[in-house]
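Asker: Protein sequences appear in the order of chains A and B. Using the numbering used here, you'd call the opening residue of the first sequence number 1 and step up by one each time. Using the numbering used here, you'd call the opening residue of the second sequence number 1 and step up by one each time.
Hints in this document: simulated from the structure, not taken from any laboratory. Source: prediction; values computed, not measured. By construction, the Cβ of each residue, glycine as well, lies at the ideal position given by its N, Cα and C atoms. Be aware that one or more of the hints could be misleading.
As the list claims (entries may be wrong) - Reference listing, derived: stretches of chain B covered by chain A, where coverage requires no fewer than 3 residues with Cβ under 8 Å from a Cβ of chain A: (1) 24-31; (2) 367-377.
Claimed, not checked - Here are the simulated PhoX-like cross-link-like pairs (lysine-lysine), alpha carbons at most 25 Å apart as the crow flies: (3) Lys98/B <-> Lys353/A; (4) Lys475/B <-> Lys619/B; (5) Lys569/B <-> Lys488/A.
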Amino acid sequence: MKKISSILLLTGLSTMVFAQEKKIDFTEYDLANGMHVILHKDNSTPIVAVSIMYHVGSKNENPTRTGFAHFFEHLMFEGSVNIKRGEYSKLVEMNGGGLNANTSQDRTYYYELLPSNQLELGLWLESERLFHANVDSVGIETQRQVVKEEKRQRVDNQPYGSFMAEAFALMFSEHPYKSTPIGSMADLDAATESDYVNFYQTFYVPNNATLSIAGDIDIEKTKELINKYYASIPAGKKLNLVRDLEKLTPEKVVAKYGESDAKTIETALKTMTPEQVATKYFKKVSSTPIPIKQPTIVEPALTKVITDTVYDNIQLPAIFACYRMPAEDSKDFYAVQMLNEILSGGPSSRFNKSIVEKQQLAVTMISFPFPLEDPGMAVVLGIASAGIDLKTIQDAMDVEIKKVQTDLITDDEYTKIQNSFENDFYSSNSTMAGIAEALANNYVYFHNTNLINSEIDKYRAVTKEDIRNAAIKYFTADKRVILYYLPKKEDDKK
Amino acid sequence: MKKIITLILTGFLFAPAFGQLDRSVQPKAGPAPVFNIPESVIFTLNNGITVILSENHKTPRFSFNLVMGSDPMLEKEKAGLSEVAGQLILSGTETMDKDQLDKAIDMLGVHFSADGNSIYASGLSKHKEKMLEILQNVVSSANFPEKEFDRIVKQNESALTMASSDADQIAQNVLSTVDFGRNHPYGEVMTKETLANITRDDVVSYFKKEFTPNGAYLVVVGDVTKAEITALLQGSIEKWTGGEKFTASYTVENKNQGRRLIFVKKPGAVQSVIKVTFPFNMKPGDPNQIRLNLMNQILGGGTFEAKLMQNLREDKAYTYGCYSSVNVNRYGSYFTTSGSFRNAVTDSAIVQILKEIESMKVDTSVSQAQLDLAKASSIGSFSRSLESPQTIARFALSIIQNNLDKDYYKNYLKKIDEVTLTDIQNMAKEYLAVDRSYIIVVGNEDIAEKLVQFDTDGKIEYLDAFGNEEAGFTKSDLTLDQILEKNILATTQSATIKEATKKIAKIKSVQQEIKASPAGSPVSFDMISYFQAPNKEAIVINFNGSMMQRQYSNGVTGGSEASPMAGGKSEELTPEEVAEKNQTAGILPELFYKANKVEANLLGIKEEMGKKYYVVEIKSKDGVSQSYYDATSFLKTKTYSSSKSKDGEVNEVTIEYSDFKDASGILMPYKMSQQFGQMALSSEVQSIEINKSIDGKVFEK
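Use the sequences and the hints to build the structure in full.
Answerer: Written out as structure tokens, the structure is:
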């Protein structure tokens, strides 16, 4: 027996777990400039999560300028008028904190986790980038490269990495969900500095922001600090005027806003703050918050099966079967979530027992939803065992789905998923970071912050019949998108 | 009057709305946070378990950690026993097999896990009674089914295969063996050899010895009152009985006189993993522990500002990350640096690391600002760790196990605050024994000679991936020709070479049907191996009846092809490669070495895993292949080959042959186990047909 080259590579994908909420007390109110504030006090640990959610995601982008929302997430770490480039993260880390951010189709979220005696630091940091982040050519050029690298590393070079872009593009023809947050390199390259400034000035404004703070705080003191750093941020056109006064020449400002004259402004800026200058010399510029229009496009229903084959740098073929999904917070949404758990939640789930363990057709088979603000997508992914045809897996998958469409799930299964969701619900709100984000999510998407406590009831209300109905309504074999991922052929590789 | 009023009003209009907010000023921190660690309730059960209860009714969650009270045991030739046992604890009990146990746990939506000396579970408090029932069932009747034992052993074999090519794992293994030595439990590392010595009976007796209520701790966290838990425990774990806990004490001592450079060869490595390490004596709670931690924070803690990062990464760009850590444990403590560095700068990196460590002893090298930063960072991480209720419980347990002052953690932040620059320098002087440290380097053999300068007596010590002395070759008592002859005679079951030659000449073709399964995979696939004298060979790999891959050679040309499902790649061999293949073609290439002018080289005798071999090596253009002949039977029971691919990657393949049976007078192996890179494959021959007619197409492109 001589050498045999290896041909089998087992890959696994981890199931995505979606966090639910628990009983949490909170205070919320609006500032005059339109910003929404949510505060949750928990003095058991001396830490605090300071976070801001901006109601802007990839679905708000100009269709010829995709990738902007995510790009901005990066840009926001480039510093501000008062924070030098490269200092933002350092300031947090040096003070025993951690920080992160993420962008989705619907919103962009930033948070710091700090020792509670650094609350003011956290508030100052976020206020700086809300008020006047560095959106200029230096930062743009730097981050353009970083984002390109990220796309290469996380999408292009990942086996099956392109599936999100492929699936959404086929599933949505009119709704902006047809593009994914990472965007296209061509659009990012084509954008000019003024495109970026416009995006910042449109979406990074107080009335599009929700400040969510959870942790070891004193409510009254925190409100005072929020007043100090945020209530004083101007609203409406005036905010952008102040930003422009800080960045542009007096000539440009005067030309843009059609008031006053360059000499006066130049002199005034020597002794007054930009805000004072704005108030005194630009009477015509309004401070009324400008409402942000969210897209109202309703994607028409899918009427057929759309398929596509993608050749990728992979060892094992895979199938992605994608279905339309109801919007978050709709009744059907919860039934679909629970259906997913039946299909692929844990070793005793339908897909795993039947397709992976018994029939050994796939090395992994999971069903996961993309919960989005507008109706989104649910995906069933199967990675084939060596030598197994994708059609075989597709048929096996359809057999399992047919089962849940025909027969109710067993009592044992029902008990299992209720317990599982309840467990997730209570354990996910064990961190201040998790609570801050959940509070913000519930306000921004549903204007119902208390969902953090009441959402578990929606899961409890789902019946076995609801689950079967959800399978019938959404997991339709004749209306779906199917992607076949196959290993690249030799000539493609060259 | 009017003028004054106007002035006042004007003043009002143009004052900034919120007084003196100057956004350019970074806000100062408030006073260091004070926190309350809730008191834990401690009581003992009738069977000797100490219960530590940390009530927390904020959420309806409940968890427990049952921790055994025994000191660690020395495992010696069965190193890894406790690890294997831990992996099997939840595999079944007298009343529930694995599927039933999995189901029972799954149904509650709770999580259970176990290791060699503890069992942990967490879930909703409404399931606490059932969770404790399961715990009692497991501790009093875990029965380690044979099937699961075999599966876990296989799993560990794969893990060890992977570990032996994982540079970080290798470095950690070596650190354990050098810092703690053979007579300390921390110095024992599982190898394939020690794993093979572990039997199911060993696991059963280990469990009996280790898992006993005597001296054990049950740490309970969450939504339960003392009254409730007392009643629940009475009905469950309090019924558990067992023997005395195991006690032993261990010492740790740095006996080095100077610095010792330890090198582990990793063929083809482009980076070196470097660890500068030494053991020291300190028990948790020692008055110097917090000071030592802060000193370490400044030297190599997790921030960019730390000295090692500033030097090795920010300044010299030798690495992505270089850190240091201080590990204080009840049974033995150690210091180590960590990081990976390009081959070419390995020696320079060591110079800089040693320099930074030395510099900590000099009073001018650390500023107050650096100390303040380290304090802020430590206070921050400590505070954040308190968010998890498990941390509180861990503190309570630590106070008991380590005999700490009951307010130890309450005063933690204050103690951090109190550390001075002098303390930092003193810690460095007292503990940073850099002149008697081990410098462990896992990397490419080519760089080793540059590292001699770091070893005090100029002798580099070579160890293998598991911290054992590298097995070398001892001088063979037989010549190459004698060994080859013995192999030929043994394989053909002949008395003379003439007889053997005749037997081999009678074999015109060999067709073998083989079933192979990769480690960790539930599937197996079929292979057919073809041979047509003198040197046509092919291997066809099928799955579910269709061809996946084929390798072929007709003695003149050769190559391989794969179906689209298996990557679709096809390659051709160069004429040199075919010629090399011809040299070792057939079932007994040894018989034809002279005729084929094969340059074989006798390396000597090697002992491995309790077996003794004569090892013969053949060099080729881009690699080597070695044949291992069993010193008793002279059958070829193992082969090893290493070759460099076109893109510079080093591929290593090891195959072990066993279960030799007669096939038309020739002894052929019916079992094979292969390792290549991180993959392992085990194969069983289903049938061997000699002189069956083979369609020549299989040897052609």
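Asker: Against each hint, give a clear statement of whether it holds in the structure.
Answerer: Hint-by-hint comparison with the structure:
Closer than 8 Å: that is the beta-carbon criterion, and the stretch 24-31 of chain B has 7 residues meeting it against chain A, so the requirement of 3 holds. Taking a C-beta to C-beta cut-off of 8 Å, the stretch 367-377 of chain B contributes 3 residues in contact with chain A, enough for the three needed, and the coverage statement holds. The hinted pair formed by lysine 98/B and lysine 353/A meets the criterion: a straight-line CA distance of about 15 Å does not exceed 25 Å. Pair hint lysine 475/B plus lysine 619/B holds up; C-alpha atoms about 20 Å apart against a cutoff of 25 Å.
Between lysine 569/B and lysine 488/A, the direct Cα distance comes to roughly 9 Å. Compliance with the 25 Å bound is thereby established for this hinted pair.
Hint compliance for this structure: every hint is met.
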